[in-house]
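Asks: Take a look at the letters that make up each chain.
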Amino acid sequence: MAVLPPNVSQQQFDTAIDRLKSVVGDEWVFTSDADIHAYRDHFSYIKDEPNELIPCAAVGPDSVEQVQAIVRIANEFQIPLYSISTGKNFAYGGPSPNVRGSLTVDLKRMDRVLEVDDKRNFALVEPGVSYIDLYNYIQERGLKVWIDTPDPGWGSPIGNALDHGIGYTLGPYRDHFSAHCGMEVVLPDGEILRTGMGAMPASDSWQEYKHGFGPDPAGLFGQGNFGIVTKMGFRLMPQPEHWRNGLITVPRRRDFIPMVDTVNYLTDLGMIGEPWYSGGLQALMNNTEFAEAANNFNEEEMDRQALAAGLPSWRVELQFYGSEGTTLANWEYAKELMARNIPGVQFTDGESLPVPLTDEQIQKSSTPYESSMRRNITQGRPGLGIWYMTGRTDFNPNAWNETHIGLFSLVGRSGEAVFKAQRDFADISKRLDMPGFFPNSLAGPVNWYQNSFLMGNGFGAAKGNSPQQKKDATILLRRLLEENAKLGYGDYRAPPILQDDVADQYSFNNNILRRFNEKLKNAIDPNGIISPGRAGIWPEAYADLRGSHRED
Amino acid sequence: MGLTLLATTYTAYAQDSAAVARGKAKFDHSCAPCHGKGAGDDGRESLPGTYSLKIKYGETLPAALEDRTDLTSEVISVFVRMGAWSMPPFRKTELSDAEIDDIAAYFAVSSRAGN
Numbered sequence: 001m002a003v004l005p006p007n008v009s010q011q012q013f014d015t016a017i018d019r020l021k022s023v024v025g026d027e028w029v030f031t032s033d034a035d036i037h038a039y040r041d042h043f044s045y046i047k048d049e050p051n052e053l054i055p056c057a058a059v060g061p062d063s064v065e066q067v068q069a070i071v072r073i074a075n076e077f078q079i080p081l082y083s084i085s086t087g088k089n090f091a092y093g094g095p096s097p098n099v100r101g102s103l104t105v106d107l108k109r110m111d112r113v114l115e116v117d118d119k120r121n122f123a124l125v126e127p128g129v130s131y132i133d134l135y136n137y138i139q140e141r142g143l144k145v146w147i148d149t150p151d152p153g154w155g156s157p158i159g160n161a162l163d164h165g166i167g168y169t170l171g172p173y174r175d176h177f178s179a180h181c182g183m184e185v186v187l188p189d190g191e192i193l194r195t196g197m198g199a200m201p202a203s204d205s206w207q208e209y210k211h212g213f214g215p216d217p218a219g220l221f222g223q224g225n226f227g228i229v230t231k232m233g234f235r236l237m238p239q240p241e242h243w244r245n246g247l248i249t250v251p252r253r254r255d256f257i258p259m260v261d262t263v264n265y266l267t268d269l270g271m272i273g274e275p276w277y278s279g280g281l282q283a284l285m286n287n288t289e290f291a292e293a294a295n296n297f298n299e300e301e302m303d304r305q306a307l308a309a310g311l312p313s314w315r316v317e318l319q320f321y322g323s324e325g326t327t328l329a330n331w332e333y334a335k336e337l338m339a340r341n342i343p344g345v346q347f348t349d350g351e352s353l354p355v356p357l358t359d360e361q362i363q364k365s366s367t368p369y370e371s372s373m374r375r376n377i378t379q380g381r382p383g384l385g386i387w388y389m390t391g392r393t394d395f396n397p398n399a400w401n402e403t404h405i406g407l408f409s410l411v412g413r414s415g416e417a418v419f420k421a422q423r424d425f426a427d428i429s430k431r432l433d434m435p436g437f438f439p440n441s442l443a444g445p446v447n448w449y450q451n452s453f454l455m456g457n458g459f460g461a462a463k464g465n466s467p468q469q470k471k472d473a474t475i476l477l478r479r480l481l482e483e484n485a486k487l488g489y490g491d492y493r494a495p496p497i498l499q500d501d502v503a504d505q506y507s508f509n510n511n512i513l514r515r516f517n518e519k520l521k522n523a524i525d526p527n528g529i530i531s532p533g534r535a536g537i538w539p540e541a542y543a544d545l546r547g548s549h550r551e552d
Numbered sequence: 001m002g003l004t005l006l007a008t009t010y011t012a013y014a015q016d017s018a019a020v021a022r023g024k025a026k027f028d029h030s031c032a033p034c035h036g037k038g039a040g041d042d043g044r045e046s047l048p049g050t051y052s053l054k055i056k057y058g059e060t061l062p063a064a065l066e067d068r069t070d071l072t073s074e075v076i077s078v079f080v081r082m083g084a085w086s087m088p089p090f091r092k093t094e095l096s097d098a099e100i101d102d103i104a105a106y107f108a109v110s111s112r113a114g115n
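Taken in order, these protein sequences are the chains called A and B. Per this note's numbering, the first sequence starts with residue 1, numbered consecutively. Per this note's numbering, the second sequence starts with residue 1, numbered consecutively.
Do not take every clue at face value.
Stated by the list, open to error - In silico lysine-lysine, PhoX-like type, Cα no more than 25 Å apart, as pairs:
#: 1; chain 1: B; residue 1: LYS56; chain 2: B; residue 2: LYS37
#: 2; chain 1: A; residue 1: LYS119; chain 2: A; residue 2: LYS144
#: 3; chain 1: B; residue 1: LYS24; chain 2: A; residue 2: LYS364
#: 4; chain 1: A; residue 1: LYS364; chain 2: B; residue 2: LYS26
To be verified - Computed beta-carbon distance windows for the label pairs:
#: 5; chain 1: B; residue 1: LEU61; chain 2: A; residue 2: LEU4; range: 38 to 46 Å
#: 6; chain 1: A; residue 1: ASP394; chain 2: B; residue 2: GLU74; range: 29 to 37 Å
#: 7; chain 1: B; residue 1: LEU61; chain 2: A; residue 2: GLU324; range: 42 to 50 Å
#: 8; chain 1: A; residue 1: ALA291; chain 2: B; residue 2: THR72; range: 38 to 46 Å
#: 9; chain 1: B; residue 1: ARG44; chain 2: A; residue 2: LEU269; range: 48 to 56 Å
#: 10; chain 1: B; residue 1: GLY38; chain 2: A; residue 2: ASN396; range: 17 to 25 Å
#: 11; chain 1: B; residue 1: ARG44; chain 2: A; residue 2: ASP117; range: 42 to 50 Å
#: 12; chain 1: B; residue 1: GLY38; chain 2: A; residue 2: ASP117; range: 52 to 60 Å
#: 13; chain 1: B; residue 1: GLY58; chain 2: A; residue 2: GLU324; range: 42 to 50 Å
#: 14; chain 1: B; residue 1: LEU61; chain 2: A; residue 2: ALA283; range: 52 to 60 Å
#: 15; chain 1: B; residue 1: THR60; chain 2: A; residue 2: LEU520; range: 53 to 61 Å
Claimed, not checked - Negatives, chain B to chain A, calculated, CB over 10 Å:
#: 16; residue: ALA19
#: 17; residue: LYS24
#: 18; residue: PHE27
#: 19; residue: LYS37
#: 20; residue: ALA113
Source of the hints: derived by calculation from the structure; they are not laboratory data. Don't be surprised by glycine CBs; every beta carbon is placed ideally from N, CA and C.
My request is simple: use the sequences and hints to build the entire structure.
Replies: Next comes the structure, spelled out in structure tokens:
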């Protein structure tokens, strides 16, 4: 399985490895097949294929200085690097690079929590710190701040934020990249850059004012390949004194439109945490007559059957953070607004609990928030419970489906936009004859990002473990991305094998965005050594590899 | 001679105790979120890894790793380094060989204690 970096001889490679060992120590340079195995994408669609995206080796630095030295060696030997923090990123390529034969820079050993301030409400961490680590650090010291965690807590705040990951508390915190404040980056030439107030050596505001003065290049390092981030600050939510939740249901399909408008209003006033939308009629899909109506967007018939069954067309769960009094006032206000805008709307008071919740309160399964998984993440408590999704289950005890890929499309934050997307996704799915993916009129949006909706669009589609099934699935997903983009639906994140395809669709003015990024790339990284191909940004040195994952 | 033997035995015991403590700490940090005991999320009887192993082994082996008497360093290494089912392989930067030895030392104690 051993591979060399592109255009690098065995002798050059061996010399480079010796140099790397002199920087980090023999113990932290990994070249054996057994060690490299752990740097492969566990869910790869091209596992064991000649084009599988495996590294030539991996190196585990313990300091910024070591990262600098690695970057300089990579320049000298023209070896492409690919940096990972905790290297999980299930469904988005795991730790695998964009270029086969890259040298993986494994930052896990840089796992120091450098500062947490619960008066000014920020943290400064290194890449190897996981959400679980940061949570434990805060809890062990009794600090009164929360983290905002994605479902799996084993990832790192830096890695997740840089891949534009999300969480589940208040809007400003759950967009993890936007919640960052100040970063330190080793540039492609080995120099260290600090963004924001970090550029002023004596400043005390690095984690409080991210803009500094002049253009802020921080965005280049999110899903980018302009440097290796070695420190990053994050704004943290102060621990609230009280948490409350409530459920709102509406009777008719079209009630979703004012429901979303009202939730948007509450969200953008900062009165609620993450709203959790869901369709209320899934239980009726076993009824052939209803399923036909739902699959054909027969709204009148859907409403008639929902009324007959006594089920709501839509639900949204709201959560409130603050004091007992303010959370109650905000919930009452939410009810007042909804009642004003939607005839027949109904409310279920949820729970009203002092923070922190006890384990027993987390495990409760009362309505709303029957899910303790949901309760954990709304309280910023990291875990790994989400992996019931991929583990053995009673209904799937022996057949691991090793394909797992994330595809979510940006959709306008309105009920009308969701309805249009439902129809578009259903049409595209039928046209492409996509197995395992049947969008219909019940699909709801997620409001992970405060100001936008995402809708699952292909997640779970076209699964299968044989090489041919995987190849067919990848081709199908590429066609799906093309068809989606024609109607304006772009993905926010993708695994390396689909990043060229997603980037292709951001095509305004002859792909000026990518051309602009590539001009910068070539200027800043003339040897193209930092993650070539990441997000479809290919430096001249590796430009011939653009789209190479598409070769069948 | 007797004193030397006693001192050697004590040192070995102290080393084992330290290894067990380190192993428990590492298990709690890196393994227990999936393979720990106790209730799982959303009303499930156990956490995802523990639940998976219950399905895999049925009544033939304990579902919780801490109750297993057969998990030597060598066995743990195979699963940790290769991955199993949807659990990915773990890298030496995450879990060193020495830490796997510590976890094995912890299992040797926890499985006896009915932990």
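Asks: If a hint holds in the structure, say so; if it doesn't, say that too.
Replies: Status of the hints after comparison with the structure:
Of the pairs offered as hints, the one joining B:LYS56 and B:LYS37 holds, with about 16 Å between alpha carbons and a cut-off of 25 Å not exceeded. For the proposed pair A:LYS119 and A:LYS144, the alpha carbon gap of about 8 Å is at most 25 Å, so the pair holds. Distance hint between B:LYS24 and A:LYS364 is unfulfilled; the C-alpha atoms sit about 28 Å from each other, more than 25 Å. Between the alpha carbons of A:LYS364 and B:LYS26 the distance comes to roughly 29 Å, so the proposed pair goes past 25 Å and is violated.
A C-beta distance of roughly 43 Å is found between B:LEU61 and A:LEU4, which places it inside the suggested range of 38 to 46 Å. Between A:ASP394 and B:GLU74 the beta carbons are some 31 Å apart, a value that agrees with the proposed interval 29 to 37 Å. The beta-carbon spacing between B:LEU61 and A:GLU324, approximately 48 Å, falls within the hinted interval of 42 to 50 Å. Between A:ALA291 and B:THR72 the CB atoms are about 53 Å apart, so this pair departs from the stated range of 38 to 46 Å.
For B:ARG44 and A:LEU269, the hinted distance range of 48 to 56 Å is not satisfied, since their beta carbons lie about 37 Å from each other. Range check, B:GLY38 to A:ASN396: Cβ separation about 23 Å, and the 17 to 25 Å hint holds. Between B:ARG44 and A:ASP117 the Cβ separation comes to about 37 Å, which falls outside the hinted range of 42 to 50 Å. Hint check: B:GLY38 to A:ASP117, Cβ distance near 33 Å, so the stated range 52 to 60 Å is violated.
A beta carbon spacing of about 48 Å between B:GLY58 and A:GLU324 agrees with the range 42 to 50 Å that was offered as a hint. At about 38 Å, the CB distance of B:LEU61 to A:ALA283 disagrees with the hint of 52 to 60 Å. For the pair B:THR60 and A:LEU520, the supplied restraint of 53 to 61 Å holds, since their beta-carbon distance comes to about 59 Å. For B:ALA19, the requirement that its beta carbon stay farther than 10 Å from each beta carbon of chain A is met, with the minimum near 20 Å.
Every Cβ of chain A is farther than 10 Å from the Cβ of B:LYS24; the closest lies at roughly 15 Å, confirming the non-interface assignment. With a minimum CB-CB distance of about 13 Å to chain A, B:PHE27 clears the 10 Å threshold, and the non-interface call stands. The claim that B:LYS37 is not at the interface with chain A holds, since no C-beta of that chain comes within 10 Å of its own (minimum 13 Å). Listed as outside the interface, B:ALA113 is consistent with that label: its C-beta sits roughly 23 Å from the nearest C-beta of chain A, beyond the 10 Å cut-off.
Violated hints for the displayed structure, listed by number in ascending order: 3, 4, 8, 9, 11, 12, 14.
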